[in-house]
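Protein sequence lines correspond, in order, to chains A and B.
First residue of the first sequence: 1, per this note's numbering; consecutive thereafter.
First residue of the second sequence: 1, per this note's numbering; consecutive thereafter.
To be clear, the hints were calculated from the coordinates, so they are not data collected in a lab.
Small disclaimer: the values here were computed from a predicted structure and weren't measured.
It is possible that some hints are incorrect.
Claimed, not checked - So, partial list: chain B residues that the calculated Cβ filter (under 7 Å) puts toward chain A:
hint, residue
1, Y248
2, Q749
3, W753
4, R896
5, P967
6, D968
7, E972
To be verified - The calculated lysine to any residue pairs, modelled on SDA-like cross-linking and capped at a C-alpha distance of 20 Å, are:
hint, chain 1, residue 1, chain 2, residue 2
8, B, K889, A, F38
9, A, K27, B, F140
10, B, K157, B, R14
11, B, K887, A, A19
12, B, K888, A, G30
13, A, K98, B, G451
14, A, K27, B, E890
15, B, K782, B, A836
C-beta: ideal position from N, C-alpha, C; glycine also.
Take a look at the letters that make up each chain.
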Amino acid sequence: MLIFECPYCGVMADETDLAPGGEAHIKRYGPGSSDDEFESYLFARKNPKGVHFERWRHVSGCGKWFHAARDTVTLEVYATYSAQTLEPPKALLSAIKKKNPEWEGWS
Amino acid sequence: MSTRLADHGRLIDRTKPLQFQFNGKHLKGYEGDTLASALLGAGQLLVGRSFKYHRPRGIMASGAEEPNALVNMGQGSRFEPNQRTTTTELFDGLYATSQNHWPSLEFDVGVINNYVARFLPAGFYYKTFMAPRAAWKHLFEPIVRQSAGLGKVPTDKDVDSYEHYYAHVDVLVVGGGVAGLTAARAAGASGARVLVLEQTAHWGGRAPVDGGDIDGMGPDEWVKSTVEQLEKMENVTLLRRTMGAGVYDHGYALGYERIADHTPGDGRPRHRLWRIRAQQIVTATGAIERPLSFAGNDIPGVMLASALRDYVVNWGVSPGDRTVVVTNNDDAYRTALTLKAAGLDVPLIVDARPGVTSALAQAARDAGIRVAEGKAVAKVHGGKRVTGVSIAAQAGEGASLEEVKCDAVAMSGGWSPVVHLWSHCGGKLNWDAQNAFFRPDPSRPPTGAQGQAYVVTAGSASGALALADVLADADKAGKAAGKAAGGKAGRKAAPKADAEETQKMEPVWIMPQGAGPAKRMKMWLDFQNDVKVSDVQLAAREGYESVEHTKRYTTLGMATDQGKLSNINGLAVLSNALDQEIPSTGTTTFRPPYTPISFGAIAGEARGALFQPIRKTPMHDWHEEAGAYWEPVGHWRRAYCYPKPGETHEEAVNREVINTRESLGLLDASTLGKLVVKGPDAGRFLDMMYTNMMSNLAVGKCRYGLMCSENGFLSDDGVVARIDEDTWLCHTTTGGADRIHAHMEEWLQTEWWDWQVYVANVTEQFAQVAVVGPNARKVLEKLGGMDVSKDALAFMQWADGQLGGFDARVYRISFSGELSFEIAIPASQGRAFWDALLEAGEEFGVMPYGTEALHIMRAEKGFIMIGDETDGTVIPQDLGLNWAISKKKEDFLGKRAQLRTHMQDPDRWKLVGLETLDGTVIPDGAYAVGEGTNENGQKNVIGRVTSTYYSPTLKRGIAMGLIKHGPDRMGEVVGFPTIDGTGTVVKAKIVDPVFYDTNGEKQNV
Chain A
1 MLIFECPYCG VMADETDLAP GGEAHIKRYG PGSSDDEFES YLFARKNPKG VHFERWRHVS
61 GCGKWFHAAR DTVTLEVYAT YSAQTLEPPK ALLSAIKKKN PEWEGWS
Chain B
1 MSTRLADHGR LIDRTKPLQF QFNGKHLKGY EGDTLASALL GAGQLLVGRS FKYHRPRGIM
61 ASGAEEPNAL VNMGQGSRFE PNQRTTTTEL FDGLYATSQN HWPSLEFDVG VINNYVARFL
121 PAGFYYKTFM APRAAWKHLF EPIVRQSAGL GKVPTDKDVD SYEHYYAHVD VLVVGGGVAG
181 LTAARAAGAS GARVLVLEQT AHWGGRAPVD GGDIDGMGPD EWVKSTVEQL EKMENVTLLR
241 RTMGAGVYDH GYALGYERIA DHTPGDGRPR HRLWRIRAQQ IVTATGAIER PLSFAGNDIP
301 GVMLASALRD YVVNWGVSPG DRTVVVTNND DAYRTALTLK AAGLDVPLIV DARPGVTSAL
361 AQAARDAGIR VAEGKAVAKV HGGKRVTGVS IAAQAGEGAS LEEVKCDAVA MSGGWSPVVH
421 LWSHCGGKLN WDAQNAFFRP DPSRPPTGAQ GQAYVVTAGS ASGALALADV LADADKAGKA
481 AGKAAGGKAG RKAAPKADAE ETQKMEPVWI MPQGAGPAKR MKMWLDFQND VKVSDVQLAA
541 REGYESVEHT KRYTTLGMAT DQGKLSNING LAVLSNALDQ EIPSTGTTTF RPPYTPISFG
601 AIAGEARGAL FQPIRKTPMH DWHEEAGAYW EPVGHWRRAY CYPKPGETHE EAVNREVINT
661 RESLGLLDAS TLGKLVVKGP DAGRFLDMMY TNMMSNLAVG KCRYGLMCSE NGFLSDDGVV
721 ARIDEDTWLC HTTTGGADRI HAHMEEWLQT EWWDWQVYVA NVTEQFAQVA VVGPNARKVL
781 EKLGGMDVSK DALAFMQWAD GQLGGFDARV YRISFSGELS FEIAIPASQG RAFWDALLEA
841 GEEFGVMPYG TEALHIMRAE KGFIMIGDET DGTVIPQDLG LNWAISKKKE DFLGKRAQLR
901 THMQDPDRWK LVGLETLDGT VIPDGAYAVG EGTNENGQKN VIGRVTSTYY SPTLKRGIAM
961 GLIKHGPDRM GEVVGFPTID GTGTVVKAKI VDPVFYDTNG EKQNV
């Protein structure tokens, strides 16, 4: 069972206290967007073997959504961070890159 | 004949005899016995029948790896099948029966399978599917069903209780043998909080049986003194009868404590599931001896050499008077020496190795035991009991060189470390060719949340077999775990034992190595599932090259065995058949639990009323007393109807509808979701949430709104009230409150986090009562207080005030089409208000109505119900709700999705009313069929019923449905075939969905 530190309340939360929310940093496309943009926004998701940026909600705790950078193979959690961001923090990206030199990076 | 010895038995107390029953026979054992040792002590070697061929099976092992001796335990509400006799502690009055036989254990008709075994090869079950269909139905299915499964399924409710415990520790040590104790002591000395689990009732593991000196003490004495030291350490917790069941991600582990299995009915919980978070996990899980594959190795009396030794030393039980030992390694000589020392006869040690010169072999020879080198057991004689063995050259094909009479065979094919817990969460293994086993690779451990290793193996589980190596390895593991968990590295030296001189074991996968097909068909690899050497070889010939496929095709290592006994031998046979090395074949996946754990332990306290707590409205008790027939709605219970004595549910529902339409009805609407949305940006936010405009709703007014998912589909509906300049109250469906609250939070937190809006779920803060019917206003006026006249409170308005002395918020909204007030009262006042309404309404013949009357009345009005008219594929436009979709708003959730071509398709099924021609009710879920057939020859479907009821108001069947081009086909008749087998087609006319009071005059008075 995974464990994440909620960046809002600081609790080390068991997976059973959390609700998963899929890929993080998805840009919303509303009216005016092309079919391709809308399809990609609604349905296309990354499924990397390795570093994944994802959303979790501390549903049985403080109720806040947060983001996590997690390795889908080793299950290592590089960091959890605020959900109120459009992209992962720069310092986190370089820390992950330092640990995984072959990692292609976030985009 | 197995029997109780006059001496030996370090675990039993001969002054405390216990009575028990097996298959109706009254037998005697002693305190400290396992059921297996007691059965053997009482002369009962035959304990079961095998799964497929119903061959007689005896006890083979002495611990968790036992494949055969599974029994039905207990009776009635304490009955449980498939209980392992070797891990069941004996208690007075124990009641057990053998399983998988008919009519009796001694005489089993199913053994016929044994004689037709050549027709029941590997994959038999799968092959039956290739036969003609009729053969499966009439021939194979009855056979397979009859023979499937081991024990019987319990029929009575379990009377025992179970519980969960949570533990957070620095170091978890699994295993209380000398390795586990050594590791625990080393980890404990570092200051770390340590939890030690031992699956049996005794500390020390195998060491007291196998002997040796630890720090100058005998193993028993060392164990006692070490446990005493550990008990004195405040940071160390010791648990016996607790198995480490599984290791999971990020240092999570499960412990399975069998508190009261041996003291049933003493009031304690039977099992306790320990849910453990550990920084570090030390697996000191020991090793398991492997069987050897020779013909007849499943006949009762053939046992693992170490188990035979355990029975003599631990429980003073002799499985046989005359035991032939067959081995490929030194360890089995200990069994020969133990038996000899106990005064039992060991006519021969058959060693597959040529030239055996080790110290243990010399000791055996000195004790007068003959050692046959380079030899094999060609065949075991006997049926329900071993009577002798044929000896042949291991290098040959099995020509008998010598016949030896015996009544037991002790076999040892070497040892395999118990790597299960190491492997559960990704720890990798290396093949150790020297010892012919897989051992954990410390450089590829399971890794935790920070990428750190969190499992370390100790002792035999690491692959260390000699006592001195076990202790050194365990001490290292304990120190490392303590340090990794943040403790201080201890400097105390590891316990010491003398090094032993041993001779290398020799891998032997088939005995003799050149054995022909007839012999290979009698060499068991998996005793529990009846998988033989010939089955695995057949699977390889049939193309099952992957070990995982072979496992499933042959059932090798399935069920409770999980590879404990069968794994390595099976892999080796498969590898030989495929002409490849064992590491290339690899091993099957080890999955938790290590041995089966009870469903009760998994459920814990979550049973009965606690399984899923029921949500109750403030008026719940009144409904209960009024004899409500309950309907579950989400986690709530709502009254479906209130039947009077002698009344059917249908009659009650019709009465409730008529009474409400003609006079006065009350509905407990407290379960309706109530979300307060507040803040400077609340209006803007609700404009995104709802398809229609909410920001321009005037204070004091109500508006019906629709919510869609971003994918465009209708997700919830309800009436929204504007409370003040920056506050709205949103009603949701009963089942939707939590979901819609979460939906709003998600968008606020993750998309529009700069908008100033708060959402609070106040559903349970208010009781809500719908007062409905032509006399609704009169009853409120009788209660007195606020002005509820049409002028003061028009339709779709709300007002705060007092009614009969209660603080009330009154919404003039209607889900029935009648004059209707929905009144919200603080929850604590809900029941009192309900009672006041009933009293005041008596003169109008007030009656409460349930959810079914609510459904019928809304259907008569053509109002949709989320979950009936919607199913996650329906958009508001399908339901004729275009009027509730804003054309002015640039954006709302679902708007972009509804612009997609498929959503605009004129062929989408659309909502209409349906009136049966003969007045009957269309069956629930019926489909409408059109002209022609599809490519499968089925009639083309052109729509379906979404709501269908008998309308007591109109005295006929009415329905709503989604029909292709429906709104353009008013007056046409469509057919709904029934599925009752009569071929009846219900014909219905397409009409407007509003059946009652089309102009809405009644609700607007």
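Hints, verified against the model:
1. Y248: holds (5 Å)
2. Q749: holds (5 Å)
3. W753: holds (4 Å)
4. R896: Nearest chain A Cβ about 5 Å off; hint holds.
5. P967: violated (26 Å)
6. D968: With a closest approach of 28 Å, the D968 (chain B) hint is violated.
7. E972: Result: violated, 35 Å to nearest chain A Cβ.
8. B:K889 with A:F38: holds (19 Å)
9. A:K27 with B:F140: Distance of about 57 Å is beyond 20 Å: violated.
10. B:K157 with B:R14: violated (36 Å)
11. B:K887 with A:A19: Measuring from Cα to Cα gives roughly 35 Å; hence the hint is violated.
12. B:K888 with A:G30: Holds, at about 15 Å.
13. A:K98 with B:G451: holds (14 Å)
14. A:K27 with B:E890: holds (18 Å)
15. B:K782 with B:A836: Cα-Cα ~10 Å, so holds.
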